[in-house]
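Work the whole structure out from these sequences, hints included.
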Amino acid sequence: MISIQRLTKQFGPQTAVDALSLEIPAGQIVGLLGPNGAGKSTTLKMLTGLLIPTSGTATICGHDLLKEPMEVKRNVGFVPDSGAVFESLTGLEYLEMVAALYGIPPESARERIRQFIAFFDLSFETLTDKLLGAYSKGMRRKVVITAALLHNPPVVFFDEPLDGLDANAAVGFKALIQTLAREGKAIVYSSHILDVVERVCDRVIIIDKGKLLVDGAPAELVAAHRAKSLEQLFTSLTGGHDLEQKAEDFAKTFRP
Amino acid sequence: MSSPVPSQAKTLQRLYLALFLRGRGARGLRKDQAPRSIAQKLWGTIALYVMVGMMALTFVGQGSFLLSFYLHGSTLLFLGMFIATSAGEILFNKDEAEILLHRPIEPRTLLWAKVTVLMRVSLWIACAFNLAGAIAGSVTAKGAPFFAPVHFVSICISALFCAGSVVLLYQLCLRWFGRERLDNLMTTAQVLLAVVIVVASQMVPHLVLGMKGRMDPLVGKPWLSLLPPAWFASLDEVLLGRGNTTHFMMAGIGVLVTATVLILAFGRMARAYEEGLQTLAESRPRAPHKESQPGKRRLLDRLTSAPPLVWLLRDPVTRASFRLCAAYLLRDRDMKLRLYPGMAPMLVMPAMFMFQGMKDHSGAPWGVALAAGYLGMIPMMAMTMLQFSQHWQAADLYRLAPVTGPGPFIHGAIRAVTILLALPAMLLLVSVTCLFPNGFEKLLLILPGVIAMPFFAMVPGALEKCVPLAKPTEEAKSASRGGMIFLLMIVSMIVPALATGAQMVNLLPHFLLLETSVVIAACWLLKLLIDRKQWDPLE
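Which chain is which? The protein sequence lines are L and G, in order.
Take 320 as the starting number for the first sequence in my numbering and just add one per residue.
Take 21 as the starting number for the second sequence in my numbering and just add one per residue.
These are computed hints drawn from the structure, not numbers from a lab.
Ideal Cβ placement from N, Cα and C applies to all residues, glycine included.
So these bits of chain G aren't anywhere near chain L, every CB distance computed over 10 Å: (1) Gly64; (2) Gly261; (3) Ala371.
The calculated label-pair distances, taken between Cβ atoms and stated as ranges, are: (4) G/Leu77 <-> L/Glu390: 55 to 63 Å; (5) L/Asp448 <-> G/Leu532: 58 to 66 Å; (6) G/Thr424 <-> L/Glu390: 58 to 66 Å; (7) G/Ala414 <-> L/Ser548: 34 to 42 Å; (8) L/Ala403 <-> G/Trp144: 26 to 34 Å.
So this is what it looks like as structure tokens:
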């Protein structure tokens with residue numbers, strides 16, 4: 320479903336993503352992990368057409384990212400980590416606008432929006448009357464997730480999707496993406512919450528400084544590297560040494 | 021039967037019109053309240069343009085060409101200014117990339133949708149301004165019955181020319197200078213465009229006055245064929261059936277140039293537009309400068325920790341506010357796009373006064389006095405603009421800090437605009453004045469403007485509570501603010517006028533003493549008002 324071939328992005332002298340190659344089949348949830356600045360968001364932005372790769376390419380649902388960008392975009396849903404929306408539209412106006420951009424007829428769009436708001440426990444009045452700028456962070460995130468799934472894309476990229484969601488919504492969301500994967504969607508899930516990734520994802524990819532470090536099922540990776548947990552594997556691979564000692568030293572600075 | 025799916029173009033046009041009328045940010049607003057804030061101001065602006073457009077009635081006795089030349093000239097200036105100041109936010113909005121760029125939208129469709137909305141609002145303004153002139157051109161003896169509809173057609177073409185030219189300018193900057201320096205280039209291009217427009221606005225009345233009373237205003241002036249208002253005024257003549265060979269030629273140039281600009285801006289260079297948007301989506305790390313040393317303090321930090329700024333910024337909150345405002349004045353793209361084009365008239369007008377003063381053979385130094393009076397307004401203008409920011413919600417930080425009111429933040433902003441903007445402008449004025457014949461003698465006339473400067477700088481903070489960076493940018497679109505600035509510009513000229521009068525009767529030192537006393541008293545009162553300000557509730 321997703322085939323990435325030596326995808327590279329350079330910003331001046333700095334290489335953000337370095338010749339990344341991957342294959343992601345349909346029905347798989349792939350956790351994309353890495354420390355800050357590892358190149359996760361840049362990778363997702365390239366795969367969704369937000370950024371042009373410096374070299375390499377990718378195919379999504381058989382469409383080349385560089386040669387058929389519009390076809391790729393039609394087959395992709397994206398939840399960016401910023402959660403950016405047009406704040407002066409109401410939730411309904413925003414979702415209907417997104418639906419129209421994908422050519423979804425108004426009646427079908429309204430029906431799908433009703434299904435999503437029922438799932439996320441949003442009230443229709445809030446969606447019609449309140450501007451997005453007045454929404455809480457969690458409500459806004461729900462609207463952004465709905466907007467990414469409205470056109471029923473076969474490939475979905477999530478960048479920190481749980482940011483701002485309450486515990487109930489987060490549980491519901493995790494169940495949702497597992498169901499979507501069972502129905503054949505390829506899902507790439509970028510997050511810093513390692514235990515969620517460990518529980519939800521079939522496969523984990525850890526990148527650092529733009530390079531792929533490990534790729535495999537969470538349990539297999541933990542066992543292969545003789546780590547106690549995914550968290551320990553992550554910190555050992557990405558240079559997170561002596562964190563407890565550093566925290567202790569830092570806390571000491573607050574003592575009178 | 022299901023309703024048809026609206027096209028992407030229509031959906032996007034509806035979106036951008038809603039964003040324009042409601043603004044891009046909102047907090048605690050409901051849908052039914054939102055349009056009021058911006059749309060009402062737009063109605064105010066349109067009403068203002070209808071009134072200003074009545075100036076055209078003074079040209080009705082001069083024939084349809086001259087009336088049309090004046091209307092097109094003024095319309096192009098207004099539209100150019102409006103499009104140049106709106107284009108940055110509408111064409112290259114940073115947040116938009118993550119909302120729209122991953123959706124299947126062709127860059128050309130996106131660009132057209134934005135330009136269509138810009139054009140639509142431009143035409144509202146153009147129609148408002150041209151209303152009185154078009155009606156007068158249709159009903160007066162020297163006019164023509166079909167002047168109004170014909171003029172509407174040519175106004176539409178000139179609006180297309182104007183929008184296309186601004187878009188093309190951005191695209192060319194993008195192509196020639198690369199994507200790396202896009203932000204700075206867009207700002208520079210916009211500021212330059214604003215300056216050109218202001219200079220041109222000073223030239224149009226002179227040009228029109230020079231043509232008054234001539235049978236054929238174009239005879240003996242081949243350079244007029246270079247001016248867009250002449251092309252579109254000629255188009256009016258041709259469409260009215262009154263055109264001679266020159267009119268046909270110039271109308272042809274107008275149509276041809278407009279078509280070329282549109283083809284280049286929206287056809288061939290639409291790809292560069294997508295690249296520009298993608299550049300804004302990049303949150304790239306800044307490449308380290310070769311000469312920079314790790315941990316080395318910035319110039320701004322060094323300045324604020326050395327005399328005389330360290331004396332002026334003793335209060336830590338005021339110093340923090342100064343540094344925040346200085347950083348935004350010098351680095352923030354949105355701030356630069358709004359502030360410097362808005363300030364351009366403030367900087368060009370003094371140059372015009374100086375130039376007029378030089379031409380005055382009596383040697384009267386009023387040009388220097390007026391220029392200084394005008395420059396004294398810079399801090400006030402900057403303060404009114406500095407209160408708006410795209411990051412206005414971050415200003416909640418002020419309230420989280422243990423500070424009882426916005427006073428120290430306002431004082432920091434006042435010092436920032438005075439030191440970073442007004443002082444360099446004044447130094448430039450002093451340098452230029454010294455280069456004039458008997459320049460040193462005229463230096464004294466700069467003092468009235470300099471002395472009044474602190475008063476003007478404190479007025480916005482004391483009366484309007486201009487807390488820096490604390491209001492959403494869409495609130496900056498206000499017709500009443502334009503009116504207030506216009507009024508204060510008039511007031512700013514009273515002081516230099518009085519000073520010039522005092523000098524003529526050899527009472528300038530007395531005047532300066534009196535002015536200083538009044539300004540000190542007024543500043544003390546304004547400071548008191550600022551210090552006593554309390555935080556407004558968030559909602």
